[in-house]
Structure formats: C-alpha cells, structure tokens
Amino acid sequence: MEIDPFIFRLSIFILSIFVGYYVVWSVTPSLHTPLMSVTNAISSVIIVGAIIAALAGSSESFFETSNIFGFLAIILAAVNIFGGFLVTQRMLQMYKKKKK
Amino acid sequence: MSANLSALFYLISGILFILALRGLSSPETSRQGNYFGIAGMAIAIIVTFLSIGSFSSGFIYVLIFLLVGGSIGAFIAFRIPMTAMPELVAGFHSLVGLAAVFVAISAFLKPEAFNLGIVGNIKLASLIEMSLGAAIGAITFSGSIIAFLKLRGIMSGAPITFKGQHIINLVLGLAIIFLIYYLCLSQSSNLFWSIILISFLVGVLLIIPIGGADMPVVISMLNSYSGWAAAGIGFTLENTALIITGALVGSSGAILSYIMCKGMNRSFFNVILGGWGATDQTSSSETKEQKPVKNGNADDAAFLMKNASSVIIVPGYGMAVAQAQHALREMVDALKKNGVKVSYAIHPVAGRMPGHMNVLLAEANVPYDEVFELEEINNDFANCDVAYVIGANDVTNPVAKSDPQSPIYGMPVLDVEKSKSVLFVKRSLSPGYAGIDNDLFYRDNTLMLFADAKKMTEEIVKSL
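So the sequence lines, in the order shown, correspond to chains A and B.
With the numbering used here as the guide, the letters of the first sequence map in order to residues 5 to 104.
With the numbering used here as the guide, the letters of the second sequence map in order to residues 851 to 1314.
FYI, nobody ran anything at the bench for these hints, they're computed from the structure.
From a predicted model like this one, the values you see are computed outputs, not experimental measurements.
You may find that some hints are simply not true.
[As the list claims (entries may be wrong)] In silico SDA-like links for lysine to any residue, alpha-carbon gap of 20 Å or less: (1) K100/A / S1193/B; (2) K973/B / E6/A; (3) K100/A / R872/B; (4) K973/B / K100/A; (5) K1156/B / K1141/B; (6) K1312/B / K1112/B; (7) K1251/B / N1295/B; (8) K100/A / Y885/B; (9) K1156/B / K1187/B; (10) K100/A / K1251/B; (11) K1112/B / T933/B; (12) K1112/B / S30/A; (13) K973/B / F10/A; (14) K1251/B / N1115/B; (15) K100/A / E1223/B; (16) K973/B / E1088/B; (17) K100/A / T933/B; (18) K1305/B / K1112/B.
Could you put the whole structure together from the sequences, leaning on the hints where they help?
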C-alpha cells in the first residue's frame, strides 16, 4: 500500500518541531528579542503562497479577487521580511564585545 | 523547474532557517545566522518564481508589490527606536497573521491554482488545513493588534475583564471547530467567512484580559501562533519550507512563553485567563500602615557607589520608559574609572518582551559579557556593596521568598536585599504591577531615590 504524501509532510512537521525545540533552548537569553524578530521574518516565507496566489490564472485576468488577496499578502509579507531581517541585523550589530 | 527540484530547494531554505536560529546561541555567531536566514528567504522566493515559470506581465506586478512592502519594512526597521521593539514585534506578528488569512482566502477562492481541487469540491484535507491556517492567522492578527495597542499605550494596559468571558471564549472556540466540520460537509463559502470573522473576535477577546506586565507571555504566545498559522498554510500549499518554518517558529514561541511563565512562577493558563492587577489590589493598600523610608538624593548615591568595590545594576521596565539606558552607561563608565566593578542583573521577565533589557543595554553599548541572567548572578548580591535598582520592582520583592500568602510567592526574584546597600530609583512608593507592596523599600539598607530614572542617573553622573 502506498503512503499518503500527507504523512511525509506530517513527519517533516513533527521532526521540525523537535529540531526547533532543541535549537531554541540553545539560544542565549540575552538574544531572545532578536530571536523573536528573526522568527517573525522567517515565518513570512508565507510569501511563497502569496506569490502563487497572485499569479494564479491566466495572465489577462490576474486581478480577480483571489489574485488581489495574493497581492495584498505579498505586501504584508514583504514588510515583514525586510523589516524583520533588517531590524534583527540592526540589533545584532549592537551585541559586540567591547575592548576594555 | 520540476516540482521535485523545487521541493529540494525549499528544503534547503528550511535548513538555512534552522541555521539562522542556531546562530543565535551566541552573539558571535548571530550575525552570520541572520545572513543564513536572508539566504533561505531569497532561495524560497526565487524558486517560487522559477517554478511558476511563465514570466507574464503579472510577474512585474509581483515585483512592484514586493518592493513597495519591502521599502515600508526597511523604513520601519531603520527608524524604530529600540525602546519600541515590543510593539514592533507585535505589529509584525499581526502582519504574518493577516498574510496567512489572505493566502487561505485566495486558496479557497481559486483552489485549482494550488492543485487543491475545484471550487465547491476542494480536497477535504486541504479544506481543514486552510481553515485552520486562516483561523489561527486571524487570531494572531487581531490578538497582535490588541497587544500592539496596549504596548503602544493607545489602549490602557490594564486588564479588561467581564463576567462570563471565559465561557464566551470557550463557546466561540467550539463554534470554530463546528463550523470547520460543517464547511467540510457543505463547502459553503459563508461558513468559511464566518470562521474567519469569529477567529478575529476570539483574538481580541483572548488578549484584552491580559495586563501590561504579562505582555512578555502574550508576545511569545502570538509568536508561536504565527508559526502554527504558517504551518497550516504550508500543509495546504504542500510546501516544505513553510512547514519547517512554521514548526520552528511555533515551537520557538512556545518555549519563550514557557520561560516567561516560569520567570513569574505562573502557569500558562493562569496568565491567559487574566491578570493579577485586576484582583486584590485595594485590599493590600488599605491595610498598609505608614512605615519609615530612608530617602536619599543623587549625592548620597554617588558617594555610596564611588566608595563601593562592586555594584550590581538591576534594570526594569521603568528604565525603558524613561529611556535611561544611555545615562546609565555614562554612570557605569564613571564608576569604572573609579575602579568599581560593575555588572548587570537581568530578570527573565524584566521589561515587556523576552530579552527587552538586553537589547536596550546593548544599544547603550554595554558589553554583553557584563550582563548576567538571574541564575548566573543571584549569588553575587551577597558579596556586592551596592545594588542599583532602576525601574524594576516586583522582580526584587523579597516577599516572593518569605510570604506564602503573597500572590507572587514562589516567583524567582533577584536577591537584591542581600547586598550591603540598595539604591532604589522610583518615582513614588506605589506598588508594582502585581499590586503588592515591596518590602525592600522599608529595609534599613535601602535608600530610596525618588525621581525619574533618567534624571536621577544623570544627576548621579554629575556628582561623580
């Protein structure tokens, strides 16, 4: 009997939760704020879905309702991607060892 | 690009995201980690373009929208002051939530574009996944908006509670599950819209009863939700990058919530079901008799610290409000010139989000190896001459160790009272967020400095 591809995705999902669990526990508490901003940035990979949604259908009719929601989602996710990574970078620049 | 090849590339970007989080295990590797994250994102976006293949005119629009959003994001990232980080993160969470809702709506309206079936006959599993993604996304969106308004001070930080609140939440939660069930039976778009609307409402109701100082838990929780929403959409789109990321972010937020709850010795449900501040605030203040307090000024404080051999600084939310971190750094520089050993003690729930104090101190150029967590430094108070408490309150209250009746009993606190003398910068004797009096104010070795945290610190710098 063939295994449903859903089971494979579920396996990836559950294994990733475990990976996340161990990786996040190793994050130093002083970097918890950058951790939040970077997780926020990477969760905007949802833009992948937004791009597919925006470009769905024939090229003459890409301003149907579903496309418009896709385009809106692209803007929201893009704000997050650029904002999230840049603000994280800005914060991490400040965590430098000082010469005494 | 074939579906198999792009799936492999999505896996690579998922791995790069894992490395991005891994980098945060130390400040040295963190910047490199962030580049891994950016690379992962770039790969995911480019692969998506390539797998769609036809570079129609719609492609140009996508780029335009991407750049519009990107410039707004970049503008915000460069302009935002570090003290506003908590509300920025809350705001960003709301965007992820709303983006998840929009993608889910789009997939519902045009399932054939995502290979999910056709309108009116969407695959059952996909329907469940997209409605769960949309529901969690909607809760994340409206919940984060409320958190944002509270953190920004547009909405009062006080908990808003009313009778039957929890029952309403429970009923609405069950309603969402029933609606998803009926949606699967009927495929009716009205049910889909109702799920989203009810979820928006749940997000609002979930966050309004939670008070200001519990915000670290709320922000972490919403962080977690935004991850689960992304994972839900990831299952719908059958996209590995999104599934991996969703799981990472979801567990990251959950762990942070756990750490924050532990920092307050409260269970997660205790925090979610409403704040301390609303309960017995009045009873404790009525019975309070006037106790003597030693009152000092900047010169006294400067004298004490200059003659100390070691000083521990305990910052709290008050430092963030007064923006006193730069003045504090100047004060520490002056002390160091006098040969005083200075370190910083950070309580896990100091401030309004995890790591809030660390970021502010880093902004003021405090080297991170002078900043210590509660467990690392708590034993040092006994050997320290002066503890300088600036804008913290409940996290220093010895009552948490001595009085089983106290609402904060059992909460891990900084043993500030063990140091030879305590300087407590505070605007008045008013109790902290938990609504309880701080024993520390009346101790013999405590000197109260009644002033704004920034002004007082600046005055101390002058008299040094």
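Of the numbered hints stated previously, which ones are contradicted by the structure, given in increasing order? Violated hints (numbers, rising): 4, 5, 6, 10, 11, 18; every other hint is consistent with the structure.
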